[in-house]
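My request is simple: use the sequences and hints to build the entire structure.
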Amino acid sequence: MIAAPKPDLVTVNIDGVDISVPKGTNVIEAAKLLQKDVPHYCYHPKLSVAGNCRMCMIEMGTPAFDPATKAPVTDPATGKQKINWIPRPQIGCGTTVSPGLHVKTSSSMVKDAREGVMEFLLINHPLDCPICDQAGECKLQEQATGYGRGYSRFIEEKNVKPKRTQLGPRVTLDDERCILCSRCVRFSKEIANDDVLGFVDRGSYSTLTCHPGKKLENNYSLNTVDICPVGALTSTDFRFKMRVWFLKQTNTVDIESSVGVNAVVWSREGTIYRLTPRRNDEVNDTWMPDSGRILYKQVAATDRLTAVKLNGSDTSLDIALHAAAALLKAGSVSIVGSGRASVEEQFLLKQLATATGAQGHLVARTASGDKLLISADRNPNVRGALVTGLISQLPCAELKQLSRDIDEGKIKTVVSHGEDLHAAGLTAALLAKVAVIYIGTHANATSAAANIILPTLHTFEKAGTFVNQQFRIQKFYAAVPAPQGATNDLVVLAKLVASTGTHTPASEVHALWPAIAAAVPALATMLYKNIPDTGLLLDATPWVGLPFVEGETLHYKPAAAIAAEAARS
Amino acid sequence: MATITVERKPLSFLERTYIPNIVAGLTTTFKRMIKPTETLQYPEQRPAIPLGYRGVPTLVNDPHGREKCVSCQLCEFVCPPKAIRITPGEIADDEPNAHVEKRPKAFEIDMLRCIYCGLCQEVCPEEAIFLQNQYSMTGFTRAEMVNDKDRLYELGGTLPDQHYKWDKKKSAAEAASHGGHH
Numbered sequence: 110m111i112a113a114p115k116p117d118l119v120t121v122n123i124d125g126v127d128i129s130v131p132k133g134t135n136v137i138e139a140a141k142l143l144q145k146d147v148p149h150y151c152y153h154p155k156l157s158v159a160g161n162c163r164m165c166m167i168e169m170g171t172p173a174f175d176p177a178t179k180a181p182v183t184d185p186a187t188g189k190q191k192i193n194w195i196p197r198p199q200i201g202c203g204t205t206v207s208p209g210l211h212v213k214t215s216s217s218m219v220k221d222a223r224e225g226v227m228e229f230l231l232i233n234h235p236l237d238c239p240i241c242d243q244a245g246e247c248k249l250q251e252q253a254t255g256y257g258r259g260y261s262r263f264i265e266e267k268n269v270k271p272k273r274t275q276l277g278p279r280v281t282l283d284d285e286r287c288i289l290c291s292r293c294v295r296f297s298k299e300i301a302n303d304d305v306l307g308f309v310d311r312g313s314y315s316t317l318t319c320h321p322g323k324k325l326e327n328n329y330s331l332n333t334v335d336i337c338p339v340g341a342l343t344s345t346d347f348r349f350k351m352r353v354w355f356l357k358q359t360n361t362v363d364i365e366s367s368v369g370v371n372a373v374v375w376s377r378e379g380t381i382y383r384l385t386p387r388r389n390d391e392v393n394d395t396w397m398p399d400s401g402r403i404l405y406k407q408v409a410a411t412d413r414l415t416a417v418k419l420n421g422s423d424t425s426l427d428i429a430l431h432a433a434a435a436l437l438k439a440g441s442v443s444i445v446g447s448g449r450a451s452v453e454e455q456f457l458l459k460q461l462a463t464a465t466g467a468q469g470h471l472v473a474r475t476a477s478g479d480k481l482l483i484s485a486d487r488n489p490n491v492r493g494a495l496v497t498g499l500i501s502q503l504p505c506a507e508l509k510q511l512s513r514d515i516d517e518g519k520i521k522t523v524v525s526h527g528e529d530l531h532a533a534g535l536t537a538a539l540l541a542k543v544a545v546i547y548i549g550t551h552a553n554a555t556s557a558a559a560n561i562i563l564p565t566l567h568t569f570e571k572a573g574t575f576v577n578q579q580f581r582i583q584k585f586y587a588a589v590p591a592p593q594g595a596t597n598d599l600v601v602l603a604k605l606v607a608s609t610g611t612h613t614p615a616s617e618v619h620a621l622w623p624a625i626a627a628a629v630p631a632l633a634t635m636l637y638k639n640i641p642d643t644g645l646l647l648d649a650t651p652w653v654g655l656p657f658v659e660g661e662t663l664h665y666k667p668a669a670a671i672a673a674e675a676a677r678s
Numbered sequence: 040m041a042t043i044t045v046e047r048k049p050l051s052f053l054e055r056t057y058i059p060n061i062v063a064g065l066t067t068t069f070k071r072m073i074k075p076t077e078t079l080q081y082p083e084q085r086p087a088i089p090l091g092y093r094g095v096p097t098l099v100n101d102p103h104g105r106e107k108c109v110s111c112q113l114c115e116f117v118c119p120p121k122a123i124r125i126t127p128g129e130i131a132d133d134e135p136n137a138h139v140e141k142r143p144k145a146f147e148i149d150m151l152r153c154i155y156c157g158l159c160q161e162v163c164p165e166e167a168i169f170l171q172n173q174y175s176m177t178g179f180t181r182a183e184m185v186n187d188k189d190r191l192y193e194l195g196g197t198l199p200d201q202h203y204k205w206d207k208k209k210s211a212a213e214a215a216s217h218g219g220h221h
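As given, the protein sequences belong to chains W and G, one line each in that order.
Positions 110 to 678 (the numbering used here) are the ones given, in order, by the first sequence.
Positions 40 to 221 (the numbering used here) are the ones given, in order, by the second sequence.
Take these hints with a grain of salt, some might be off.
[To be verified] Dumping the calculated DSSO-like pairs for lysine-lysine here, alpha-carbon to alpha-carbon at most 30 Å:
#	chain 1	residue 1	chain 2	residue 2
1	W	Lys248	G	Lys204
2	G	Lys204	W	Lys267
3	W	Lys132	W	Lys191
4	W	Lys324	G	Lys209
5	W	Lys666	W	Lys480
6	W	Lys350	G	Lys188
7	G	Lys144	G	Lys207
8	G	Lys188	W	Lys357
9	W	Lys248	G	Lys207
10	W	Lys350	G	Lys208
11	W	Lys324	W	Lys248
12	W	Lys350	G	Lys121
13	W	Lys298	W	Lys324
14	W	Lys418	W	Lys521
15	W	Lys324	W	Lys480
16	G	Lys188	G	Lys121
17	W	Lys155	W	Lys213
18	W	Lys272	G	Lys209
19	G	Lys209	W	Lys267
20	W	Lys350	G	Lys209
21	W	Lys323	W	Lys155
22	G	Lys204	G	Lys188
23	W	Lys406	G	Lys188
24	G	Lys208	W	Lys324
25	W	Lys406	G	Lys121
26	G	Lys209	W	Lys248
27	W	Lys509	W	Lys542
28	W	Lys272	G	Lys207
29	W	Lys357	G	Lys121
30	W	Lys248	G	Lys121
31	W	Lys267	G	Lys208
Just so you know, the hints here were simulated from the structure itself, not pulled from any lab data.
Here it is in structure tokens:
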């Protein structure tokens with residue numbers, strides 16, 4: 110008995126189990142809801158349906174009706190409505206659910222169909238697995254274990270096609286491995302709006318290639334590598350670096366803009382090898398810009414700060430913190446926070462500002478957005494600073510007020526958390542007038558001018574949260590251990606707060622969150638461990654009037670655009 | 040615990056003379072003096088190695104002198120004591136074996152960790168790693184006991200190849216470029 114469907118839900122029967130799914134869902138997605146895997150190559154949930162790989166074959170049938178009376182036909186054997194099974198398998202990706210649709214995903218006909226498709230796909234597939242970077246995450250390998258025959262009946266010569274073709278600066282193509290699924294072609298056309306890929310020639314001569322005179326060089330080219338079900342498209346940067354089965358996956362958030370693209374850090378024994386996107390249908394779907402993927406190189410950069418310094422000479426963290434405490438206690442302090450710091454760090458910095466009576470500043474970092482996954486605000490966490498109260502107004506690119514204050518002698522000590530004050534408009538002459546405490550990861554003009562350097566951790570080395578442009582709070586975790594000599598930002602900031610004599614805050618993310626929840630109204634109901642991996646939307650009402658710089662991107666519309674749309678309708 | 044007293048049997052007359060035991064013992068001694076010796080004068084003399092012996096793991100070249108390892112790292116993955124450490128590398132386009140694309144940049148087997156299980160040989164898809172006849176590894180330092188890539192190829196030498204997989208691949212590509220099967 111099929112239960113009455115809810116509005117805009119369709120009830121279908123998959124392998125004997127009834128399930129209600131939203132209208133327009135295809136059979137692959139419906140089966141996924143029942144944890145039934147329908148193998149597929151060309152289908153991708155975020156791309157149009159091509160239906161060319163023929164791997165997602167299913168058996169389907171519809172309830173029988175009498176053609177004359179339109180009355181349901183009952184099967185006398187079961188007493189239920191008879192199902193008219195289609196005698197040939199159908200593709201699951203191109204089959205949209207209809208009321209009462211019956212599907213078999215593992216019948217013998219389906220299994221035969223899949224085995225047939227696998228045999229055809231493997232006919233011309235080279236025996237490259239030992240040298241192929243896709244090995245271990247290759248759909249063809251996976252399905253070959255389930256539906257391959259284990260030996261080949263093909264005695265003719267395999268196709269020869271171009272190997273090691275550079276499609277662009279970041280993507281290498283091996284045409285022999287290509288199974289012509291066209292995911293990359295559809296991605297370039299539909300998502301990246303850079304229609305440079307296509308197939309040329311026919312039959313077994315079909316070859317994926319770039320448009321003559323063009324290159325696959327848009328900032329989303331590496332997504333084609335991610336969605337390639339085989340090893341045809343591989344990342345030139347990751348080429349032959351490490352086999353994927355050795356790599357540990359850690360969830361993180363892209364730090365290049367306020368979009369907050371969900372990503373995964375792939376590391377082995379403290380070395381990061383690559384970054385790939387993580388699916389979040391509310392933020393980035395399954396995509397990630399190329400520019401965000403190379404940011405892991407900052408971790409092992411040669412200009413990393415790894416020595417605590419006091420007036421230019423190496424010292425211990427305790428001595429440096431002691432000297433910093435003396436500067437902070439002397440008063441006339443100004444604090445420059447960072448839109449790249451986590452919510453937790455900004456919270457502690459706010460506490461430090463309160464304890465020293467300092468004003469919190471932030472440096473804006475803007476560039477034009479690409480309307481997809483890079484926004485105009487290149488700081489990942491400006492909204493975190495608003496939420497924690499470190500700043501009350503949107504930041505400017507230059508610290509003009511701070512320059513004036515220093516010039517007038519109102520400020521004696523500047524604490525910079527990872528921001529290059531020189532780049533933010535403070536001249537060397539101005540910096541020479543004040544004592545600079547630099548808490549940061551990489552050497553720059555400010556660290557060169559700083560009296561005290563406290564080396565801290567890169568985003569991939571610590572845990573925390575960012576608040577993205579949608580006011581969605583998203584978690585990231587420590588993927589690799591810190592380099593020797595660098596200390597967690599939270600530890601440094603907590604010790605600085607403690608040294609002012611007010612109180613001693615916790616210096617670990619989980620332990621700090623109860624204090625954050627108690628002090629920050631927007632975060633009152635949550636704890637670090639309770640934030641889901643896809644993030645949590647915060648109430649943005651207090652900041653809705655601020656003139657945020659972001660334009661429209663994927664899954665984000667600025668408040669002004671929403672208001673304009675509402676006014677039109 | 041209870042103590043059980045066992046009565047010792049008195050020795051017979053012959054036993055008390057020790058003569059039968061001395062005769063039996065000397066018989067064995069004289070027999071051994073005549074028989075050929077079993078002792079090997081190791082290390083000058085070495086035992087014959089049976090077929091299928093699992094000695095020190097080595098890397099081998101094919102008869103055309105190509106290094107067979109393509110650094111797929113399956114042996115590193117399967118190795119139970121984690122004795123193998125490979126750094127993969129690319130073969131440059133101007134080298135003779137450029138069509139193989141990949142080879143190990145570094146390949147180290149820590150013989151202090153190796154348990155001679157032979158799983159690396161079993162898992163190798165390129166038939167590049169073999170546990171051959173060498174069984175004796177000595178060194179004065181731990182570092183000496185780590186076989187690097189050069190040492191592994193020196194130990195392994197060249198073994199016959201049944202497939203010539205990559206040579207076939209290259210000749211197919213060459214035939215295609217001269218208008219053969221595409």
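- Within 30 Å, alpha carbon to alpha carbon, are lysine 248 of chain W and lysine 121 of chain G? holds, 28 Å
- Pairwise hint evaluation, lysine 207 of chain G against lysine 272 of chain W, where the allowed Cα distance is 30 Å at most: Answer holds: lysine 272 of chain W to lysine 207 of chain G is near 16 Å, not above 30 Å.
- Query: Under the criterion that the straight-line Cα-Cα distance not exceed 30 Å, is the pair lysine 155 of chain W, lysine 213 of chain W satisfied?
  - Reply: holds, 24 Å
- Would you check the hint for lysine 144 of chain G and lysine 207 of chain G, treating anything up to 30 Å between C-alpha atoms as holding? Holds. Lysine 144 of chain G to lysine 207 of chain G sits at ~24 Å (cutoff 30 Å).
- Is lysine 188 of chain G close enough to lysine 357 of chain W, meaning Cα to Cα at most 30 Å? holds, 27 Å
- Message: Hint check: lysine 248 of chain W vs lysine 207 of chain G, CA-CA at most 30 Å. Holds or violated?
- Response: Status holds; Cα separation ~26 Å.
- Task: Assess, step by step, whether the Cα of lysine 324 of chain W is no farther than 30 Å from the Cα of lysine 248 of chain W, and give holds or violated.
- Result: Holds. Lysine 324 of chain W to lysine 248 of chain W sits at ~26 Å (cutoff 30 Å).
- Pair hint outcome, lysine 204 of chain G versus lysine 188 of chain G [Cα-Cα no greater than 30 Å]: Holds, at roughly 22 Å.
- Could you grab the alpha-carbon distance between lysine 248 of chain W and lysine 204 of chain G and see if it respects the 30 Å cut-off? Status holds; Cα separation ~24 Å.
- Message: Holds or violated: lysine 350 of chain W and lysine 121 of chain G, Cα atoms, limit 30 Å.
- Response: holds, 19 Å
- Query: Quick one, are lysine 418 of chain W and lysine 521 of chain W close enough, alpha carbons at most 30 Å?
  - Reply: holds, 19 Å
- 30 Å Cα cutoff - pair lysine 324 of chain W, lysine 209 of chain G: holds, 28 Å
Checked against the numbered hints given earlier, the structure satisfies every one of them.
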